Amino acid sequence: MELLSALRLLARRRLIVAVGVLLAIAAGAAGAGVVAVGPVGGPPTRSAIATAEIQIDSPRPLAADLRAASGTIEDQAIMLAERLAAEDTRAIVAQEAGVPLEDLAVVSSRTAIVGRHSAVARTAVDAASTPRSRYRLTVSSTTDAPIVSLLAAAPDEATAARVAEAAAPAIESVIAEAPETVRKRLIVRPLAPPKTKALVSGDRKPLLGAIAGLLTFVGWCWFAIVAGGLIRALRGDAVPPGRPAQV
Amino acid sequence: MRRRFRGRRLAVLALCVAFAALCAILSVNTVSLSPPGIEPRAMDIAAAATRVSVDRPSPLIGDALATEYDYETIQRRAVLLATLGSTPPVMDRIARRAGLQTEDISATSPITSGVQRVFTEPDSERRADQIASEDKPYRLELRPGDTLPIVDVYTKAPTAAEAARLADAVVPGIRDYLAELARQNGKDPDEQVQLVQLGRARAAVASAGDKPQIALLTFIFAFALAGVAAAAVRRLSRGGRSGAAPAVALARQAVGTAGDWPRTTRVLPWLVALLMAVVFLVPFNDIMLDVALPIDLYLDRLVLPLIIAVWAVVLAARGRHAPVVRVTWMHVAIGAYVGLAGLSVVLGARDIHQLQEWQLAVKKLLLLASYASLFLVVASSVRRTEVRAFMSYTLVLASLCAIGTIIEYRFSMNVFYMASDAALPGIFSVGDVDSALVDEIGRRDVRGPAQASLEAVAMMAMALPIALARLIQASERRERIKYALMTAIVMAGIVATFRKSAFLAPISVGLTIAYFRRRELLKLAPLGIVLVLMIQVLSPGALTGVAGQLDAGRMGVNTVSDRKGDYDAIRPDVWSHLAIGRGYGSYEPTSYRILDMEMLRQLIEVGVIGLLAYLAMGVTVVAVARRPIRARDRHDAPIALAAAAAAVCFIVVSTLFDVMSFPHVPYIFLWMAALLAVITTQPREAPSRAPELEPQPRAARATTELEPAWSS
Numbered sequence: 005m006e007l008l009s010a011l012r013l014l015a016r017r018r019l020i021v022a023v024g025v026l027l028a029i030a031a032g033a034a035g036a037g038v039v040a041v042g043p044v045g046g047p048p049t050r051s052a053i054a055t056a057e058i059q060i061d062s063p064r065p066l067a068a069d070l071r072a073a074s075g076t077i078e079d080q081a082i083m084l085a086e087r088l089a090a091e092d093t094r095a096i097v098a099q100e101a102g103v104p105l106e107d108l109a110v111v112s113s114r115t116a117i118v119g120r121h122s123a124v125a126r127t128a129v130d131a132a133s134t135p136r137s138r139y140r141l142t143v144s145s146t147t148d149a150p151i152v153s154l155l156a157a158a159p160d161e162a163t164a165a166r167v168a169e170a171a172a173p174a175i176e177s178v179i180a181e182a183p184e185t186v187r188k189r190l191i192v193r194p195l196a197p198p199k200t201k202a203l204v205s206g207d208r209k210p211l212l213g214a215i216a217g218l219l220t221f222v223g224w225c226w227f228a229i230v231a232g233g234l235i236r237a238l239r240g241d242a243v244p245p246g247r248p249a250q251v
Numbered sequence: 115m116r117r118r119f120r121g122r123r124l125a126v127l128a129l130c131v132a133f134a135a136l137c138a139i140l141s142v143n144t145v146s147l148s149p150p151g152i153e154p155r156a157m158d159i160a161a162a163a164t165r166v167s168v169d170r171p172s173p174l175i176g177d178a179l180a181t182e183y184d185y186e187t188i189q190r191r192a193v194l195l196a197t198l199g200s201t202p203p204v205m206d207r208i209a210r211r212a213g214l215q216t217e218d219i220s221a222t223s224p225i226t227s228g229v230q231r232v233f234t235e236p237d238s239e240r241r242a243d244q245i246a247s248e249d250k251p252y253r254l255e256l257r258p259g260d261t262l263p264i265v266d267v268y269t270k271a272p273t274a275a276e277a278a279r280l281a282d283a284v285v286p287g288i289r290d291y292l293a294e295l296a297r298q299n300g301k302d303p304d305e306q307v308q309l310v311q312l313g314r315a316r317a318a319v320a321s322a323g324d325k326p327q328i329a330l331l332t333f334i335f336a337f338a339l340a341g342v343a344a345a346a347v348r349r350l351s352r353g354g355r356s357g358a359a360p361a362v363a364l365a366r367q368a369v370g371t372a373g374d375w376p377r378t379t380r381v382l383p384w385l386v387a388l389l390m391a392v393v394f395l396v397p398f399n400d401i402m403l404d405v406a407l408p409i410d411l412y413l414d415r416l417v418l419p420l421i422i423a424v425w426a427v428v429l430a431a432r433g434r435h436a437p438v439v440r441v442t443w444m445h446v447a448i449g450a451y452v453g454l455a456g457l458s459v460v461l462g463a464r465d466i467h468q469l470q471e472w473q474l475a476v477k478k479l480l481l482l483a484s485y486a487s488l489f490l491v492v493a494s495s496v497r498r499t500e501v502r503a504f505m506s507y508t509l510v511l512a513s514l515c516a517i518g519t520i521i522e523y524r525f526s527m528n529v530f531y532m533a534s535d536a537a538l539p540g541i542f543s544v545g546d547v548d549s550a551l552v553d554e555i556g557r558r559d560v561r562g563p564a565q566a567s568l569e570a571v572a573m574m575a576m577a578l579p580i581a582l583a584r585l586i587q588a589s590e591r592r593e594r595i596k597y598a599l600m601t602a603i604v605m606a607g608i609v610a611t612f613r614k615s616a617f618l619a620p621i622s623v624g625l626t627i628a629y630f631r632r633r634e635l636l637k638l639a640p641l642g643i644v645l646v647l648m649i650q651v652l653s654p655g656a657l658t659g660v661a662g663q664l665d666a667g668r669m670g671v672n673t674v675s676d677r678k679g680d681y682d683a684i685r686p687d688v689w690s691h692l693a694i695g696r697g698y699g700s701y702e703p704t705s706y707r708i709l710d711m712e713m714l715r716q717l718i719e720v721g722v723i724g725l726l727a728y729l730a731m732g733v734t735v736v737a738v739a740r741r742p743i744r745a746r747d748r749h750d751a752p753i754a755l756a757a758a759a760a761a762v763c764f765i766v767v768s769t770l771f772d773v774m775s776f777p778h779v780p781y782i783f784l785w786m787a788a789l790l791a792v793i794t795t796q797p798r799e800a801p802s803r804a805p806e807l808e809p810q811p812r813a814a815r816a817t818t819e820l821e822p823a824w825s826s
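Residue numbers (our numbering), protein chains in the order written: chain Z, 5 to 251; chain U, 115 to 826.
Keep in mind that the hints were calculated from the coordinates and are not lab data. On a predicted model such as this, the values are computed, not experimentally measured, just so you know. Take these hints with a grain of salt, some might be off.
[As the list claims (entries may be wrong)] Label-pair distances were calculated between CB atoms; the ranges are:
no., chain 1, residue 1, chain 2, residue 2, range
1, Z, Leu218, U, Pro376, 53 to 59 Å
2, Z, Ala15, U, Asp404, 34 to 40 Å
3, Z, Ile215, U, Thr273, 37 to 43 Å
4, U, Gln244, Z, Gly75, 36 to 42 Å
5, Z, Leu218, U, Ala406, 18 to 24 Å
6, Z, Leu212, U, Asp548, 35 to 41 Å
7, U, Asp404, Z, Val38, 23 to 29 Å
8, U, Leu147, Z, Pro159, 51 to 57 Å
9, Z, Val38, U, Lys477, 30 to 36 Å
10, U, Ile152, Z, Pro48, 54 to 60 Å
11, Z, Gly75, U, Phe525, 40 to 46 Å
12, Z, Leu212, U, Pro419, 16 to 22 Å
Just so it is clear, CB atoms sit at the ideal spot from N, CA and C, and this is done for glycine as well.
Same shape as in the complex, but just chain U:
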């Protein structure tokens, strides 16, 4: 019977592998049935670059008496020539010189003059035009210098020789056009501007590694998809019953051994605690390992892989403290989103590759998988009896983060950057920060350990409900004072960032708590006045400063109008890939348009379905948290309430900035969700003692080893 079961399992595995292999082959090859054969798809992309200097017939270069006006005049002429270079009359001549068809070339010349970036970003019409010409095999980009009379020429073609030929054809093509224009107007071509190509175009094949990566990623996702389908069929055939594993898991995690964090010798909880300390107190996204490697090794990318590696080993070794994976709706939602993100990349692989965004998409996808891994690791390795301690720890970290942010606001020094720079060895390079810097609408750059002020707001706002939930529950005066003080510190840290979101994010937290705990919150209303005063004392002027920004008269500032402009500008991208998007991580904002809203980016990258899955992550957390909140259990309810409010806050801040580009935010959201998963899946028990801290007789130790593998 057992052998038959194993045989069936191996057969399913073989089928999954065969399906995945077939998908992988089809992703990079064309298969024809008549005549039967497989041919590799032509997917090579080559690129070339050269530069062109523009000068007067009597050269400015070398003339000691040339003035700034002379240079400005000739620089403007360079801008004109670059713009003309992408118009049909000049394109015809360039194409003729390169031996190509004009209709096969898409040409652009971006605006580089000294205006704010928002004015140079493509609107919906220009973006629609760009999308329409994206599938052309040849691409030419003429970028004039913003101060010098130099035009950068970039080309893309199927082969390196063609890319170089196209780039080298630009100067002769423009010269042909200018000469013809001079003849038509009866002018001497020698009296026109002079173009000097600064070296022959250098070209190279740019996508050598993409093809195997596309095949591998396709294999992984097809295999995962087939595996999920097989598991679903198996579950259905059993009438929806799960196997013995959950029962074993529940039994294993009934009693904890090796003590609870922080009184434990288990490695995983300590590693997780270390990561959270890094998240709240270290500007890790500005700290990089100064070693030449193919990937940028930011600080979190050193800690998180270590945690995942230890978790995988402990899980595989199945010792007494092995993690137990229990699937919740949150697992399903997060898994579905990661799966959809991967699927969008796999389905759009060829387009993403053609747009030369493949490496970026793969990098972002790996980053997303690492975020999800944190959730999986925490939800399976933290014990129910440890959750309260971890929540307290999170609150302490958030308070320290807030104190540092307040210090930055008051004294214009970022203690997080300073401490990281002083503490880390020289092999790490810590980025620079200028806390006295002021943006175009007069706001200081107060960012704490984050990369941007909004990120700092989101970090602290997601930890704020822990303090509020405990404040509501506190029965003793001492506890009330403690949590009120922490609430005030975190709130003061949030408003110290001087951003409008410093009101919006905490309001979302407050409203969520008010929804579930109306009466209790009303009772705390007098405390609210004290809180406002405390915030005013801790971060003087910040509260009124933020309130002033919400004045209707100040809503026309760039940060608001640019956001409004994004809605219209992204229409062509959304409509061209409505269902599942153009591929997760494939929309490089600096290449197209900087979107100040994660939702819009999700809509472009993973489509409507992906956006719904993204929202479902937050909604599922609230849905799962509802039961423990309603049960009003002293232990579970505050944790669930904090997680639900953090999830709502995550959704709200997703409408304010591109949260997934700032890793602190998804880390904290998934951390809170994972702690909620722990309390909703593990059965209640009395806090365990720490037997390993007390020496045991040899016989007793031997007995313990034979006991069931209690969940860690």
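For reference, chain Z alone in the conformation it holds in the complex:
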């Protein structure tokens, strides 16, 4: 009911509404990806991801042999996953995957979840979790099972798969670093070949465009009415009570 006054105002100011319509069309076109405006609506970019899982196992397979010792295997898996981020291990990943070392970032997902207790930690974690690298390997591990999950991102599917596959030899090299005094070494078992998926960003999104257009139009009309009211209030214009004011 109260909104009728606002609608009447707009009905009398068709030019403002027309400008709103134009803006809405522009915003809708940008939102839908038809027109390039800043980061929105640029040409589609293609990238790929690959996912893989590696099981850290004892010499006696944990799944098959009940006598296998499993006391610290989950902790070992986490430590090995974390070691993938170390400089020497990262170099092995880069070499195995055939990608330049300086373009490869290895990020532990634990970095993002650990240490959110202070402002410094939060800011530092945010900084560390978003490296701008062409190739990226994200490593996740939990205390539930001795399994390291890998998510590799690269410009194409084949490279993403290679980066994900390179993690296993890199972990093996860490295990092999241990001197001969180590009694029994852990075993690295890739659970399956990496699964890949191509990603296309910047594709046309008509629904997003429609929402952007609608919101722009409503926002513009809202702004026009409220700004008109503010200007009138500043001028000290007296409006006959009951009559809608001019925009």
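Based on these hints, arrange chain U on the given structure of chain Z.
Same frame as chain Z, but now just chain U:
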């Protein structure tokens, strides 16, 4: 004459803008007079993070026969190294490696071992030490893992390169120290623990958006301050008389058109009713829109902006049903508190920014402004003739809230979460709740639609006086039974939460009502016994359970001792910013200390002046309510009594938990205050008919449109 008036108004506006712009420029720049110039302040903050793995010389990693004991031993060694890393001998070496001065670095290594959080929170001595080193340009935090031999390294510096350099210097610095220690003790450094840095530190500038935000916020507050000052001067020059607006407003709201809620087609009352239903029945603070946005879109943050947007449009369009803003002392008190909160942030902007709490403070400030907006919207758009209906509606909602809480207590299922999950589309994610969960002192987590049990207590306790006030006033037996039943249901819901506050909050309500209506309450004393029995039937065992917690022998539990510990622990924060605090919303409890009392948090964030303003919000409600209560009007007195008791309850619960962190509570308090504002500012009138529901002849409609714009 009119033109001169307009010219003067524009000149004042220009002066206000110029003053605000000057303040905004000064907030982010340094101005020198000789030689004249403006230079941007160095306000950039960069942060870096890396991780360090600690292992034995003969590595555990990869050893299939490593035991849990081996890992525990090396994890403890990691804790030791992290702690040593923040001590002067190691800091000297880290600083040397990073090319910095030790005195420019503040280093900490928090306790992470498996003890209760309350034991790891800083006491007053440690907090004083933290405050003393807050202004150092470099910060290093070494956080050992709680189960694994890993140390997280976080640094802060003016530039990203320096932050990364400092983080990368930690491992060489500790190694230097360990090697020197080994040499002094005649040991082989190769036999010491091995440190492996898990990748070079990654750094980034963390405060890119803060500077324009500081300038903008400074501009807004300086402009608002100048505007208020100009308005005050104008009012004084008129001899304290207000202009014609109040008279027009009073005339406009004398007769209501378009019907009264709920028989109305006006949008605003319905939107407000929707928001209150969300507040009482939906766990909105645990429901988020599952869309990647820079802000967390909780359910109330979708409804409230819509209400404010509609209100602003209707106000600007000035139609027949436009809201009329009438300033009361409650407006002044709430405005003063919001203003002081904003001022504390603006004045402390540079410190808050340095502590990297700026975004948090801005977010909290916006939230506070949105709470205050609800008060403004309701007080200006609800009609006097609608207040009783809205009070009844609030009571019904509170009763439904209580029934749901009782069901949760008896059957361990939270109907509010279940219903929200079932009703909302998949784009919303509803949080999880385990109603059978028990805390460290054996109390169940019964919380109703709230995020915490105490919040549920406060919600229902603030609505309880509506039932009590009506019970006192009821002359017919049917009405008495109805309100007695509602009182019992709400009380049973409150005690079902199994918290000590379930006694304290209703007692504050009862005492307030007793203060104003002693005789009437005494007459209801026999009913009290019936009420106790009904509560016992509705929530069996809860009443005795809560009473048992108040036993003197059980007062040493953590929830009590931690509260007592807070008083001493916050002294350094209070004394360092006594008058106006360190800035509203800038005290992140998880970073420092979880304070179980809103008053203490207010004292830290907005200082003594801000705390007084916070208290003044509640006190003003009681003060404004006094006159209608004393007048004993059948219509106004119960409303005023309910609002006054809710305000006292709000103050009391502010001493029990951090109420402003739980939005249900301020929403309900401000809702009740706004309804009181409506009855104290709008003149009495007969309830209006709903003309728009009945078809009118065209000529009659045309006449109505030319009539004065009656207040909605």
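Outcome of the hint check:
1. Z:Leu218 / U:Pro376: 53 to 59 Å: 30 Å, violated
2. Z:Ala15 / U:Asp404: 34 to 40 Å: 38 Å, holds
3. Z:Ile215 / U:Thr273: 37 to 43 Å: 40 Å, holds
4. U:Gln244 / Z:Gly75: 36 to 42 Å: 39 Å, holds
5. Z:Leu218 / U:Ala406: 18 to 24 Å: 20 Å, holds
6. Z:Leu212 / U:Asp548: 35 to 41 Å: The hinted range 35 to 41 Å holds for Leu212 of chain Z and Asp548 of chain U, with Cβ atoms some 37 Å apart.
7. U:Asp404 / Z:Val38: 23 to 29 Å: 27 Å, holds
8. U:Leu147 / Z:Pro159: 51 to 57 Å: The hinted range 51 to 57 Å holds for Leu147 of chain U and Pro159 of chain Z, with Cβ atoms some 56 Å apart.
9. Z:Val38 / U:Lys477: 30 to 36 Å: 34 Å, holds
10. U:Ile152 / Z:Pro48: 54 to 60 Å: Violated - the Cβ-Cβ distance for Ile152 of chain U and Pro48 of chain Z, about 45 Å, lies outside 54 to 60 Å.
11. Z:Gly75 / U:Phe525: 40 to 46 Å: 42 Å, holds
12. Z:Leu212 / U:Pro419: 16 to 22 Å: Holds - the Cβ-Cβ distance for Leu212 of chain Z and Pro419 of chain U, about 20 Å, lies within 16 to 22 Å.
In this structure, the earlier hints numbered 1 and 10 are contradicted, and the remaining ones agree with it.
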